[in-house]
Structures are given as C-alpha cells and as structure tokens.
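**Student:** Given the sequences, and given the hints that come with them, work out the whole structure.
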Amino acid sequence: GNSVTQMEGPVTLSEEAFLTINCTYTATGYPSLFWYVQYPGEGLQLLLKATKADDKGSNKGFEATYRKETTSFHLEKGSVQVSDSAVYFCALRTAGGTSYGKLTFGQGTILTVHP
Amino acid sequence: DAGVIQSPRHEVTEMGQEVTLRCKPISGHDYLFWYRQTMMRGLELLIYFNNNVPIDDSGMPEDRFSAKMPNASFSTLKIQPSEPRDSAVYFCASSLLGDTEAFFGQGTRLTVV
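Protein chains in written order, with our numbering: chain A, 1 to 115; chain B, 1 to 113.
It cannot be assumed that every hint is accurate.
Under the rule of at most 25 angstroms between Cα atoms (straight-line distance), these lysine to aspartate or glutamate pairs were calculated in the DMTMM-like manner [as the list claims (entries may be wrong)]:
no.: 1; chain 1: A; residue 1: Lys56; chain 2: B; residue 2: Asp99
no.: 2; chain 1: A; residue 1: Lys52; chain 2: B; residue 2: Asp30
no.: 3; chain 1: B; residue 1: Lys78; chain 2: A; residue 2: Glu42
no.: 4; chain 1: A; residue 1: Lys68; chain 2: A; residue 2: Asp55
Covered by chain B, per the in silico footprint, the following chain A stretches (three or more residues, Cβ under 8 angstroms) [to be verified]:
no.: 5; stretch: 40-46
no.: 6; stretch: 83-94
no.: 7; stretch: 97-110
So, partial list: chain B residues that the calculated Cβ filter (under 7 angstroms) puts toward chain A [to be verified]:
no.: 8; residue: Tyr31
no.: 9; residue: Gly98
no.: 10; residue: Ala102
If you're looking for bench data, these hints aren't it; they were derived computationally from the structure.
Glycine included, C-beta positions come from ideal geometry on N, C-alpha and C.
**Tutor:** The following block contains the structure:
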C-alpha cells in the first residue's frame, strides 16, 4: 500500500537558518504530493502541493519539488522565522488503484525556531 | 464557504458513555475523512467516504467505533462505550476529488475520564 516517511524530529533552528525536512514515499501509480502545517491548537492547513513529476510547489517561502526518480518531496525554506514553529506533515493521494482517494500522511516533524 | 465544521470542539465524558462527534464537510465535496491524533500514535486515518459510501474503514480501532454519512452534508463518528484510551483530537476533512488537497476542520478534543 501507499506510505510516507518523514525525517525524525524534533528539529530546532535559530531564526534565519535554512530548513530541510525530508520526505520519501511509496505509492502505486502517480500520486499527488502535499505538505501540511499544523499550528498549536489548530487543524491541518495545506502549505503546498505538486501533482506531477518535476513540479515545484511553493508558498510562504517554502518549496518542495516532486522527484519521481528518488520518490521524494523534501520541504525547504531559505530563512525560517519564529512564526514557522509548527508541526509539518508530508502526505500523498492517488486517484487510482485499490487505495483511490486515500490521503496518507507521514508521522509529522515538529519544528521549533528560536529568536 | 465556512470550511469544514466540527462539533463539539471539546468533549469530556466518563468512561462507558456514548460519544458522538459531528462533521459538516465543505459543500460540493464528495470525499470525507475521519482522523485521530495522539502524541503516541500521531495522525491515524480511521475511515473515509466517497459519495457517502465508506471506502476504507480498516483504521477503525475496534467495534466500539462506528461512522456514518447519511447525506452529503453530514457525518458522525460514534464511540460506544468510550474508554480513557480513546482520548485524542479527532479531525474531519473533506475534498472535492480523489487526488486533490483535503481541507481540515478545527478538530474535536475528546477526553474520557
């Protein structure tokens, strides 16, 4: 079945540092890939997405590129802010196969940014 | 649109009681998901529906849990009887198509004492 693996956390950075959170996936067919963010006490919000190979999703300074050859979708930001402190989830969906429409998440990565 | 609406936001109940969580998806969406989030187990998919029909309920922990979607604008997740280990935040989400993003509600924080 489909699965998503994220790098172990928590991740602690100083403000303006570079951020990478690794995400790899296993899926049948051609999944759509997503990064969601969850701020304390809130639900998950879509951060960015990519629907086909080599697509780059971007939002609020975050970027991720859909790499089919390495089955990866790593999240990056050049300069993090304290307000980026949150939990980040990588996820995928496939429209076909036995898991059609199923939204599968990674385990989440806690990011803390210090001033 | 008001987004995905869940109720109640907080629920405290005694062990053995029945608990019903409610969800109103975004109008026009034909997929609905129920997730459970805990510190120990992270985010778990319990069940999801397409056009009001359950597609995969393999994540439902045991027979004490049941979910229904009587129409396109309403779903319930019921726990009967509840146990302390059911304490968690339960999220509902909906989406328009099978490969697009899902939109999440604010969640219901359930505490079973």
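**Student:** Against each hint, give a clear statement of whether it holds in the structure.
**Tutor:** Evaluation of the provided hints:
1. Lys56/A with Asp99/B: Since the Cα atoms of Lys56/A and Asp99/B sit roughly 17 angstroms apart, the hinted pair holds (cutoff 25 angstroms).
2. Lys52/A with Asp30/B: The given pair, whose Cα atoms are some 23 angstroms apart, holds under the 25 angstroms limit.
3. Lys78/B with Glu42/A: Holds: Lys78/B and Glu42/A sit about 22 angstroms apart, inside 25 angstroms.
4. Lys68/A with Asp55/A: Roughly 10 angstroms separates the two Cα atoms, so the pair holds.
5. 40-46: holds (count 5)
6. 83-94: holds (count 3)
7. 97-110: With 9 residues closer than 8 angstroms to chain B, the stretch 97-110 of chain A meets the three-residue bar; holds.
8. Tyr31: holds, 6 angstroms
9. Gly98: holds, 4 angstroms
10. Ala102: holds, 5 angstroms
In this structure, none of the earlier numbered hints is contradicted; all agree with it.
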